[in-house]
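Student: Given next are the chains, with one letter for each unit.
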Amino acid sequence: MLTMLPHLIIDTVSIVVAFLLMFGLWRMSSPVTAPSGIKVAGIGMAAAVVASFLYLFNVSAAAKPHLPINIALALIALAVGGGLSWWVGRKVAMTAMPQMVAIYNGMGGGAAGAIAAMELFGNRAHGITQLGVTLLGALIGAVSLSGSLIAWAKLQGVLKKPLRVRGLQIINAVVMLFTLAVGLYIIFVEQSGSAPVMPMQVLIWLFFGCAMLFGILMTLPIGGADMPVVISIYNAATGLAVGLEGFVLQTPALMIAGMLVGAAGILLTLLMAKAMNRSVSNVLFTKFGDVSKHKQGAIKGSLKPTAAGDAGIAMRYASSVIIVPGYGLAAAQGQQKLYEFVKLLIAAGVKVRFAIHPVAGRMPGQMDVLLADAGVPYDLIFQLEDINADFADTDIVLVIGANDVVNPSARDDKGSPIYGMPILNADKAKQVYVVKRGEGKGYAGIVNPLFYADNCNMVYGDAQAVMAKMIEAVRGLGAAAAA
Amino acid sequence: MTIDGFVAIYIFMLAAFAGWVIIGRVPAILHTPLMSGSNFVHGVVVIGGLYALLNATTVLEQGIGFVAVLLGAGNAAGGYAVTDRMLAMFQTSGHQGAHVAAHEARSHHSKAKQPKKG
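Heads up: the protein sequence lines correspond to chains B and D, in order. Residues in the first sequence are numbered from 27 upward in steps of one, following the numbering used here. Residues in the second sequence are numbered from 3 upward in steps of one, following the numbering used here.
Any given hint could turn out to be false.
Partial selection, computed: residues in chain D whose CB lies under 8 Å from chain B [stated by the list, open to error]:
| id | residue |
| --- | --- |
| 1 | F8 |
| 2 | A10 |
| 3 | G21 |
| 4 | G26 |
| 5 | A30 |
| 6 | S40 |
| 7 | H44 |
| 8 | G51 |
| 9 | N57 |
| 10 | L62 |
| 11 | T85 |
| 12 | M91 |
To be clear, the hints were calculated from the coordinates, so they are not data collected in a lab. Where is the CB? At the ideal position from N, CA and C, for every residue including glycine.
Please construct the entire structure, taking both the sequences and the accompanying hints into account.
Tutor: Encoded structure:
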């Protein structure tokens with residue numbers, strides 16, 4: 027009875043935890059309930075961790091003598107891993123969110139891989155099903171770990187250029203097949219009882235090494251603009267790995283949470299790829315952003331610079347303004363100033379709305395978060411499909427730090443690398459102002475004909491400084507009127 | 003409790019369906035917090051790590067188990083910290099009704115129902 031009680035408690039807590047994680051994720055799917063959703067899921071997670079220590083009443087006889095050391099190790103790992111992550115997560119800038127998600131995701135994949143490694147090294151997994159599932163989870167977890175680290179390095183700017191070697195896809199395929207072969211050989215040796223060609227431990231290390239190498243090679247050629255889709259894929263992959271290891275450890279809470287995230291991650295990946303009008307295989311296997319081969323058509327018109335103050339005053343006297351923010355705004359930390367300017371316009375009776383492209387920022391929905399951070403109420407924020415028809419009857423569009431998402435060549439230039447991507451129809455407005463640091467190209471390295479159009483003027487400068495000038499100009503008008 | 007192959011497939015199938023349905027109704031505005039939130043949910047792998055570490059018998063197993071718990075705890079704690087921070091920022095300009103109307107307008111692609119400014 028005494029040995030049954032801890033198990034009973036763990037099983038009961040597991041059910042509650044599985045429910046809380048699902049319920050929390052469900053509440054996260056609406057802005058009204060989302061903040062409480064993460065707290066619900068958090069309570070579930072904390073309960074799960076505390077209850078896990080009841081496992082110490084049921085450890086195997088062989089592990090009993092090691093228990094004090096194991097408990098100490100567990101407490102240190104929880105404190106160090108949890109504490110460091112928490113501290114960094116609280117401190118990191120909002121613009122760095124995508125790479126933080128990548129790194130936390132890699133950690134989850136690594137944890138799933140490590141659990142599989144313990145099962146393999148401890149020779150605890152027996153039978154084709156157990157061993158196969160363990161190895162599959164190990165493979166997915168290891169790929170997710172190394173791939174996420176490369177994704178992090180790319181977004182963080184540690185790795186600047188995508189690596190593109192001829193025949194890399196063939197090398198990838200060979201590495202993958204070799205990894206699978208090692209995995210199948212491990213199952214064969216365990217099943218047949220025959221002596222392996224090399225010690226089992228070496229085989230297991232080889233398996234993990236190859237899986238991680240595959241994750242690295244797979245991610246290296248993918249361009250920075252596609253990283254959000256890649257992170258989302260690895261997020262789903264980690265979920266699957268966790269679910270599979272949950273089966274190996276006979277822990278339903280892990281199975282449910284892992285598979286929940288696996289399915290959710292796959293759907294999220296598909297939604298994101300659809301927003302970019304690209305298939306997932308297209309993201310993974312083609313060389314996006316490789317524009318050297320593409321001949322840019324001759325561009326009509328010229329770039330027409332204008333002063334920030336003039337643009338600001340024009341917007342003050344417009345009746346409707348749509349703002350298209352991009353990553354450049356966030357990079358310049360200009361959101362606060364932008365919202366200050368928007369408040370001035372609203373006070374003057376201008377109808378102001380924000381138009382968000384699905385892939386604005388470095389991650390879908392990141393721009394919404396950055397604007398929310400600056401205090402912009404979300405009922406002023408509109409997504410592409412809800413606002414795109416309104417550009418034609420809008421007086422002024424202010425494009426700030428965005429480029430590719432308003433590039434009309436996605437609509438009509440079949441040779442363009444972004445041909446077919448849905449864009450915001452900023453060019454249809456009566457007047458467009460583009461705030462940009464200089465004459466350079468966008469993240470994808472493509473020339474934008476909108477900037478050369480007759481109804482477009484360029485405002486050069488740092489987004490934050492430009493907004494400050496616009497605010498000053500509009501305030502100056504008010505002061506002059508009062509005097 | 004033992005879960006054999008078929009019961010496992012039932013559990014996986016139902017959980018996958020739940021995940022698919024939950025994400026299907028998420029507005030694009032929440033995509034980043036949601037990716038981060040689902041990232042937090044698979045941080046539950048930490049309890050698997052704890053189970054494995056408490057049952058470790060060799061130095062190698064203790065080492066790998068330590069790494070498993072370290073990484074799993076990092077996933078869970080970091081995922082919670084960033085998701086909570088992001089979600090705390092979402093707020094509306096008006097009363098409760100205003101943003102509900104805004105979201106209904108978005109989901110039905112109807113311009114008529116969009117909230118009036120101010």
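Student: Check the structure against each numbered hint from earlier and tell me which ones fail, lowest number first.
Tutor: Hint 1 alone not satisfied by this model.
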